[in-house]
Each structure stands twice: as structure tokens, then as C-alpha cells.
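A.B. asks: As they're listed, the protein sequences go chains F and R. Each residue of the first sequence is one higher than the one before, starting from 1 at the first, in our numbering. Each residue of the second sequence is one higher than the one before, starting from 1 at the first, in our numbering.
Hint data in this document are derived by calculation from the structure and do not stem from the laboratory. Mixed in with the good hints, there may be bad ones.
Not the full set, but computed from the structure, chain R residues with beta-carbon under 8 Å of chain F [stated by the list, open to error]:
1) Met8
2) Val47
3) Ser50
4) Val156
5) Leu168
6) Arg171
7) Val179
C-beta atoms are modelled at their ideal positions from N, C-alpha and C, and glycine is treated no differently.
2 protein chains.
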Amino acid sequence: MSSSVLYMSMSLDGYIAGPNDEPGNPGGDGAAVERLHAWGYTVAGDVRRSGPAGELAEAMEATGAVLAGRRTVEQVDHWKGDHHGVPIFVPSHRPPGPSVASYPLVTYVTDGIASAMAQAKAAAGDRDVMVQGAYTAQRAIEAGVLDEMQIHQIPVLLGAGRRLFEVLQSRVELEIVRVIDTPEATHIRYRIHR
Amino acid sequence: MSSSVLYMSMSLDGYIAGPNDEPGNPGGDGAAVERLHAWGYTVAGDVRRSGPAGELAEAMEATGAVLAGRRTVEQVDHWKGDHHGVPIFVPSHRPPGPSVASYPLVTYVTDGIASAMAQAKAAAGDRDVMVQGAYTAQRAIEAGVLDEMQIHQIPVLLGAGRRLFEVLQSRVELEIVRVIDTPEATHIRYRIHR
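Pulled out of the complex, with its shape left as it was, chain F reads as follows:
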């Protein structure tokens, strides 16, 4: 059974980006994003391919579709149309920007997040769907279409920036699926109860 999974690196105080995280300043000030994602890279700057970090990178790359928020995709211009070769779905009520016409794997979905997730799951087949974007993840939780969260909890307090959980309105119970304990991060996988 295929799952939709949010993958997110978060500081202990709940931040996923620095202050002023906007297009033109992706990730915000203070190299916050670099700090939060350091666990996944070697000192030389390559993606870690061994140990728990390597396994987690492999799991992400094994997903069969991406569902990402508009803020996320516009900050990186839709990864130039290619996120590990799989279809990319963007729920948005506004029409896409001009670059999207040249990205055959990118689909904008205008009729809501549930529809976008259904299309992503259909495209992924028996593989998981990777979810990206804080706002989109919370909307997916509220719509009942987010199955799991893989949180990489980073041993740092950032003190400022953009939080992962900011707009959720209701209480949601979670189940701890797996904890991977490393010095660089506590990787906790949660299943969302519905």
C-alpha cells in the first residue's frame, strides 16, 4: 500500500527555514537550511550514501511521485522539471508560471489538494508519494490525505525563521513508526491517525 510521506528537517524549536524565506532568498537568512540539512551530506558536500542517512536518502529517491507546494516549487523553479525523474504535482488555484510549459513532468492541479494527492498516488503506483512544503503538508493533514511524516529533528535551536507547524487548526494524534538515533539528527517517522 502506497503512502504519502512528508520529509522534513526541523530544528528542535520547530523551524524549517530561516527568517525572510522568500523567492530570491530560498531557505532564508543565516544559512539555516544548510544547518538543518547537514546530516544528509558528507564534509565534501556529497549526498551521504552510507549509514542511516544513506538509507533515508534511498527511501526518498524510491518515491514514485512528488506533491509539492507552490512556494516550494517556485523557489527552485520546479527543480528544472526533474525531481529524481518522477511526476511532480502542484496544488494551486492560480495558473502556473511560463517555465512550466517546458516541464512535461510537472502538473498543476487546480481543484484542491485531495485531487492533487489522488493524481500523485495514481502516478506513483505502488511506490510512496514524497510531499514537500510546510503549508501544503498542513493542508494535506487537514484534508486527511497525508499518511506519514519523516521528521529529521536537528539538535539546534534556531530562535527565528519559518516553522513547519503554523497554521494547523485541530489536534491530530500520531503514531511513532520508527526512531533512528544518530548524533546528527533524531529521525522520527510518524503515521497520522485519522
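Assemble chain R onto chain F, guided by the hints.
C.D. replies: What follows is chain R alone, placed relative to chain F:
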């Protein structure tokens, strides 16, 4: 070597109490605090004495002094003057309320958090100091007098309430000392870098 340790149960979205957490409504609305502390109690409502939860309760009860914020102590009227029998220190610039005169173990410290911590550490001897209160913990971090945090991370999203980390101004690096993985909570102990 004695350490000052914040013990705190926190939801994945960073809340330690529900909305409207005030004297007269301690812990706030929606039984948030009961949800966050459920890991420490049996179904019958007793403190858990076995397993990881039992060990954590034992560690808390082995502390030799308490340093607690004014909001915290006033919500519970200074635990009627008795928190597992050890001295209680309250950093506050305002004089204490009238009940404190009858609590010989409670000391208000008016010359700042560093002084309050020094007195608490002296009273605790070679035992740890238990720190209570979100605001006080953050002030202690900024003053460089908080050594560790024992965070009980609870698999729930509360969506609203009072956050643990709200007023911290600067980036603080942490070291993961120990992770205890249970279905009810992920207990992570951090050492604060200075």
C-alpha cells in the same frame, strides 16, 4: 558534576500547554497538559514506576533543587512549598505573594537568573537541578546557565497553545546525549553547547 536540566513534555508542533494557560486555568484548554504527560502515568492514574517512564521519574526525583519560573510556581501555589522535599528557587524581580512566607523551602531570588541558578546548584550539591517553566528555561539558556534539556516529545499535533520556544533570540547548538524510544514518547536528552 551537577547539571541544570529542563524537563519538559512537548508536542511535535512545539506546544507544552493548551490555549489560555493562566492561573485559574493551569495547563490551558482542551486537556492538553494531560495529553502531554500521559506517558508518565498508568491507566489508573499513578506515576509509572517501571520501564523507561519509571527511570525518567526516578531521575527527576533524584534532583537536589528546583529552579522554577514565577508563572509555573504561581499556577500550583509553589506545590504547597514541597517539591519532592528539595529547595525551590524562583527568579523574579517582584516580591513573592503572601503564601510564600509559610514555605521555608521556597526562596525568591531578585538579582537575576544566574544568581538563582548559582543558589540552586549550591543547594543541590552533587545532584542535578530541575528547571521548570518555558520562559525561565529560555532565559537560562540565554544567560548560559542551562546545561541540559530532557525533552519528552509526544506524538501529537496540538495546533494551538503555548510553545516551549517562543522568545529565544539566538541560535544555540545542542548535542544529543540519549534517545529513549517508546510508543508513548520519544525522550531526547540534549546538552547545550556554549
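A.B. asks: With reference to the structure, classify each hint as holding or not holding.
C.D. replies: Each hint, compared with the structure:
{"no.": "1", "hint": "Met8", "verdict": "11 Å, violated"}
{"no.": "2", "hint": "Val47", "verdict": "22 Å, violated"}
{"no.": "3", "hint": "Ser50", "verdict": "20 Å, violated"}
{"no.": "4", "hint": "Val156", "verdict": "6 Å, holds"}
{"no.": "5", "hint": "Leu168", "verdict": "4 Å, holds"}
{"no.": "6", "hint": "Arg171", "verdict": "6 Å, holds"}
{"no.": "7", "hint": "Val179", "verdict": "4 Å, holds"}
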